[in-house]
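Note that the protein sequences, when read in sequence, are chains F and H.
For the first sequence, the positions run 1 to 437 when the working numbering is used.
For the second sequence, the positions run 438 to 778 when the working numbering is used.
Hints may contain errors.
[To be verified] Here are a few chain H residues that face chain F, going by a calculated C-beta distance under 10 Å:
| hint | residue |
| --- | --- |
| 1 | Ile529 |
| 2 | Ile685 |
| 3 | Ile743 |
| 4 | Asn774 |
[Unchecked claim] If we take Cβ atoms under 8 Å as the criterion, some of the chain H residues that face chain F in the derived model are:
| hint | residue |
| --- | --- |
| 5 | Thr517 |
| 6 | Leu530 |
| 7 | Ser549 |
| 8 | Ala598 |
| 9 | Met762 |
| 10 | Arg764 |
Hints were generated in silico from the structure; no laboratory data involved.
Bear in mind that the values here come from a model prediction, so they are computed numbers and not experimental data.
Cβ coordinates follow ideal geometry from the N, Cα and C atoms, glycine included.
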Amino acid sequence: MDIVILSRIQFALSTLFHFLFAPLTMGLVILVAIMETMHVRTKKDLYRRMADFWGVLFTINYTLGVVTGIVNEFQFGTNWSKYSTFVGDIFGTPLAIEGLFAFFLESAFIGLWFFGRGRISPKMRAFSMWMVALGSNTSAVWIITANGFMHHPVGYELKDGIIHLSNFWELVTNPYAIYIFIHTLLSSYTTGAFFVITVSAYHLLRTPKMDFFRISFRYGILFALFSTFAVIGTGHFHGVYTAKAQPAKAAAFGSIWESEEDHPYPLLVIPNVKKERNFIEWLKVPYLGSLLYTNNIHGKVPGLMDFPKEDRPSVHPLFWSFRIMVGIGFLMFALPALAYYLYRKKQIFYNKKFLTILVYSLPLPFIATNLGWVVTEMGRQPWVVYGLLRTEKAVSPISLGEILFSLGGLVLFYSILIIVDVYLLVKYARKNPEVKE
Amino acid sequence: MSYETLTIIWFSIWGLIWAIYFVLEGYTAGTGILFPFLAKKEEEQRQLQESIGPFWGSNEVWLITAGGVTFAAFPETYGTMFSTFYIPLYLILFALFFRATGLEFMHKSNSSLWKQSWKWAFFSGSLLIPFLFGLTFSALFRGLSSNEHGLYITFSDVINAYGILGGSTFVLLSLLSSAIWISIKTEGAVQKRATLLAKKIWPISSGFLSLFFIATTNQTSLFNSFANEPVLWLIPGFALLFILFAGIPIVYNKWGMGFAFVSLSIFTLFAAGFTGMFPNMLPARMNSSFSLTLYEAAGSELNLTIMLWITFFIVPVVILYQIWMYRIFRGKITEKNARGY
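Work out the full structure: start from the sequences and follow the hints.
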C-alpha cells in the first residue's frame, strides 16, 4: 500500500474518531448550561444535581475530544505537508483563530466550572458553562471555515504555485462553510439530545417516578425535536448548494449518472459503477430529484457522466453513506416526535417498550454524523482542495515506516481510549444521582 | 509597516508563543513527573491534581496555538517542520493522550490496578513531553541535514549527546518549576516534600542549563550570529543568571519569586534559541543555503496583517481571563479541601 492511501486511512480514522466526541461536547454543553441557568433561577437543588450529573459525563467526553483534537491539528503538517504549504496562508488562519478564540475560552472555563464548585457563585458557574458552550460552538465555526475552503475555495489568488489570501471577508462568509457549519452544529445538538434521552430512558425504565430523569428526559426530547427538524431542513439546503458548488459529489451521493431536467427521484437504487448506471431504480417520484437538488421541480440535476472518470468521487461509499445518514436522520426525527406525543398523553414513563427503543437509539446520531463527514470529505475526492490540488500531490515526503508507526500507534491508543471512554461513560451514566456514595 | 517588518514581528510572535507554552508546560509536566513520588496517599494525590487541574488545559492550548500560528503565519515551516520531526511529534501526541487521561481518569474507579495504571500513564506522558520537546528543539537549534531535495533528519540528528542533554535539561527545569509550583499551591506533607526537592533539584538544573549553553556554543553554530551583535549574548546570559538567582528565593522559601525566576529562565532559554536561529526557522547544519528562512516561509501580507490585528485584540483578553483564573484559584490546596478529579 502506498503512502497516500495510508495517510488517507489515518486521516479518516483520526478525524472520525475525534468526531465521536466533538458533537457530544457541542450538544451536551448546551443542556448542562441550561440546567445551570435553571439552578440560578429557581435555586432548586435538583437542577444543581442535574448539572453535576450531566456535567461529569460531559467532562469525560470533553477530555477525549481534547486529546484526539490535537492529533488532527498536527496531522496537516506531519502527513500533508505539501497541502499545508500550498494552502496554509488561508487554511492556517482559522486554525490559529480557533486556538486563540475558542480553545482558550473552552479550556479556561471548563476548569473554572469543574474546580469552582464552592469557590464561585452559582451564577458564575452557569456563566462558565455558557462560556464553554460559546468556546466549543465557535471552535466549529473556525474549523469549518477552514474545511469549507477545501470544498469551495474563495477569497484567494494563486501566486508562485501556492495560495494567497486575497479577501478575508469572502473566506469567513463562504456559503459552503456556512451550510456545513449549521448542519454540523445542529447534528451535534441532536447527538447531545439523544445522549440525554438515552441515559434518562435507561433510568426511567428502572425508576419511572424519578423527577431527576423525567426533567432531563423532557429537556432531551425538546432539544431533539428542534434539532432533528432543523438538521433535516438545513441538510436539504446544504445539498442544493453542494449540487451547485460540487456537482460531482452531489451526483455521486445520489448515484445519478445522466444529468437531466425534471429528474424523478427513485426511492430504491442500487448503483452499478462498472456499467455507469444503476442496477435498479424503483419507486420513482416524479420531479422529486429536481426539487431536492435545485429547489425547482424542473431544475437540472447533475450526472456523473458529465465528469471524466478520474474526476469522480467513488460512488458506493458516498451513495450508501448518504442514504443511511438520511434514513437515520428521519428516524431520529420520528423518535422524539413520538416520544413527545406520548409524553403529552402522559403515557411515556411507563411505556417500557418505547423507552427500551430509546435506550438502543444512542448509536444513531454518532453513525449519522460520521457518515455525513464521509459523504462530505470522500465526495471532495480526488481533490484535496476542490479543483486546485489533487489529494495524491498533497502528502508529506515521509517513509512507509513512519506512516505505519503513526497509524499503528493511533489504532492501538485509540482502541484503549475508546474502551476507557465507554467504560467510564457507562459507569457514570448508570449511577443513581439521588444516592450518595 | 513594511512586509519585512511584518514577517519579523510574526517570527517574534511565533517564538513568543512557543516560549510561553514551554514555561507553562514546565510546571504542568513537572507536576506529573513528581506525582508518583510526592503524593503518598489519595488526599495528597488530589492536592497535586488540583494544583494543575484548572490550568493544564489552557496551558496545552498554547501548544495548539503555537501549531496554529506556525501553520497560519509560516505555512512552509509548519509543513516541513512537522513532517520532518514526524516520529518525535507523534510520540509527543501519544504522551499528551496519557498525560490528560491519566490525570483526569485515575480516580474514576476504585480498583488499584486502574489507579496504578493511570498514575504511571500520567507520569510517563508527563516525562516524555518535556524530554521530547527538549530533544526536538535541540535538534532544531543544532540544524537539520540537507541534500538537493531539501531538509531532512536522520536518527542521529535527533538522538545524540547534545539532544539528550537538551531533553534532560528541559525535564530538570520542568521538575524545578513544578516543585516550586507545588510549594506555592499546596500545604502539608506534600508541600514539605516539594520544598525539599526544589532545594535539591535547583543546583542540578542550574548545572544542566550551564552545560547545555556550553554545549550549544561549542557543538552548534546557533550562537555564531551573536558575534556580529555581541549584545545578544545577554539573552542566554540572562537565562543563566535567572536560574542562578532563583537559588536565593528557593533557599529563603520565597516561592513566588523563585517561580518567577525559573519561568524567566525557561523563557529566555528558548528566546536565546530562537534569536540564534533568526532569520532561519529550520536551519540546515551543513549547507546554510538549504535553511528555511522566515522570509521564504512567511504567509501573505494580507494574512499576516489580519492575524496581527486579531492577535492584538484577542490575546490581551485571553491573558486577562487567565490571570483572573489564577486569582480565583490562588488559595492553598490542603488535604481537606482538595477535590482533585
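What are the numbers of the hints the structure violates, in ascending order? When the structure is compared with the hints, numbers 2, 7, 8 and 10 turn out to be violated.
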